[in-house]
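Just so you know, the sequences run in chain order A and B. Going by this note's numbering, the first sequence opens with residue 5, and the numbers climb by one from there. Going by this note's numbering, the second sequence opens with residue 18, and the numbers climb by one from there.
Read the hints as simulated data drawn from the structure, not as lab findings. Given the structure is predicted, the values throughout are model-derived calculations rather than measurements. We put the CB at the ideal spot given by N, CA and C, even for glycine. Any given hint might turn out to be false.
[Unchecked claim] Computed from the model, here is a short list of chain A residues facing chain B with C-beta under 8 Å: (1) Leu38; (2) Gly47; (3) Phe56; (4) Val143; (5) Tyr157; (6) Leu159.
[Unchecked claim] Simulated restraints on C-beta separations: (7) B:Leu292 x A:Ser86: 44 to 54 Å; (8) B:Ile168 x A:Leu92: 32 to 42 Å; (9) B:Ala60 x A:Ser122: 19 to 29 Å; (10) B:Phe79 x A:Ser122: 33 to 43 Å.
[As the list claims (entries may be wrong)] These stretches of chain A come out as covered by chain B in the derived footprint (C-beta under 8 Å, 3 or more residues): (11) 24-37; (12) 127-137; (13) 247-254; (14) 288-300.
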Amino acid sequence: MTAAFGSQWRSMKGKREGWRDLSPMRRREALYGLAFVSPWIIGLLLFSFFPFVASFVLSFTRYDVINPPVWIGLANYNEIFSGDSLFLKSLGNTALYVVGSVAIRIVLAFSLAMLLNSKVRFLGVWRTLFYIPSTVPIVAISMVWIYILNARYGLLNWFLSLLGQGRIRWLSSPAYAMSGLLVMSTTWVGVTMIIFLAGLQNIPEEYYDAARIDGASWLQRLLRVTLPLLTPTIFLNILINIISAFQVFNQVFIMTQGGPRDATRTYMLHLYNHAFEFLPPQMGYASALAWILFIILFAFTAIVVLTSDRWVFYNN
Amino acid sequence: MTTVSERGALQGRMVQVRRPPAFYLGRALLYALLIACSLWFVAPLIWMLMTSFMPLSQVGVFPPEWIPRVWQPENYTEALRFWNFGVTFRNTMIITIFSLAGSLISSTIVAYGFARFRFPYRDLLFLILLATLMLPFAVRLIPVYIVYNEIGWVNTFYPLVVPEWFGNAFFIFLGRQFFLGIQQDFLDSAKIDGASEIRIFTQIMVPLAKPAIVVMAILSVQNSWNEFLGPLIYLKDENLHTLAIGLYKFTSLPGQGGMQHQQMAATVMMVIPVLAVFFLFQKQFIQGANLSGIKG
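All chains, please: the whole structure from these sequences, using the hints.
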């Protein structure tokens, strides 16, 4: 997808055709094209472009939905950066979740994909088993994990006790609550794994044959053949997972409501509280929070995309 | 212990290769690892299913028990007494069906527009489409909510269904890739026969694109079924709650909720339809996940 983004960007440069340069036949074709894509263009304006601009404007106002918005300049931003202790707390928690869950997912998904790519029997069965929990609705999987992470009788503590580990209060202690959510994030490893597996299966067998003839060990083949050729997939997976992890909301809302003692209060939960739970609602304030999140995400995406020239290897 | 080497078989010569014991040890280890990983992913679901049939006394004990001592299907009927499953199920179905129809029709049309016709700024528009996939929903959430609130759409299904009728960016991307892969000469002969663009689209291209459309359909159903934040914000009225919200309320509101074994029964009821769809359309699910990682 992001590779598509890159190639789209490259193919666009230098080509500029205006309406006037078109022949009548081409003009007819262009009209058809625009007619076909028009639903999406209207949707883009209504559901992406307008809200995007509107939330920027709103972020400079105080707005409680009932009374008309009041322009207050940078007051929301001032409040966020100087008076809102939960802003930094939630941002820190979210950063922790992003780093932890992205690392877990990339490493685990890659390892599982490597296992499945080593000519195993019943490939489809294993793949299905790893993927099943990803299909379960978030509310349902959260319900189950509330009990898995239960300190007294949870499955996780039972499993750990078999390994000789004492009880851990996963969701009920501030020190471990975020770790509990990170353990739970392994649930969705299957999606990333499938993308990795497809990437691995695209690597031509000849490369490995050549490496073997040259006497490359398993580790050398992994480091010199597999990983470099897989960088576009790794790049894509990191990007997708960063964007979704930054906006983690559902399981936190359902399982902990940000507790205990704000240990799992994530950025989206903080934003949601201001917009939809506070009375009166603070839509302007929440919009400012949304825009800060957008800028942070944009910066991250830009860093990943801009550095990708150095470490992502495109085979074309 | 000998086996036929695959390479030998490929070359047409049946070569017997004696493999070192280390190979079989490695394989045994590999399968042990695979089984352990599968258990990690599947055990929570098995535990959920088992618990949903247990008597309450068996739940919440340590070490956890896996097999119900007495099978209690009445956990399900008890759960249904508190939780208005019928209403939430109907609401979820309405949202699912109208979202499905809207996103399939609009996304297929738009995808075809991007794939088949040349028009000014097409590539720029497509670039914007890909960029919207990366736009955090947080930035859209509040203004969209305010507008829906102004026009009286809060407490209706419209906010969850109407946007789907303007094309889903990911489905458009997916459909375009598929349409680009269809042979062009097909079209040229149809055009010579005097078929209009509309007829070419509806009668030739859409049937050809069925595999892509099935993938979209499954992803769309899954999205509607799983959606939590949207219904949470827009559907305040209890008669409009979806399965996801109903299950959340059932398990988390004090006084209204059931006991743990009933909660698990309710959870199973929500999960079963999704799992059924998953097992029926496994191939397309995997394809859908794959396509999100497509190159090119």
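Each hint tested on the structure:
no.	hint	verdict
1	Leu38	holds, 6 Å
2	Gly47	holds, 3 Å
3	Phe56	holds, 6 Å
4	Val143	holds, 5 Å
5	Tyr157	holds, 4 Å
6	Leu159	holds, 6 Å
7	B:Leu292 x A:Ser86: 44 to 54 Å	holds, 49 Å
8	B:Ile168 x A:Leu92: 32 to 42 Å	holds, 37 Å
9	B:Ala60 x A:Ser122: 19 to 29 Å	holds, 24 Å
10	B:Phe79 x A:Ser122: 33 to 43 Å	holds, 38 Å
11	24-37	holds (count 7)
12	127-137	holds (count 9)
13	247-254	holds (count 5)
14	288-300	holds (count 7)
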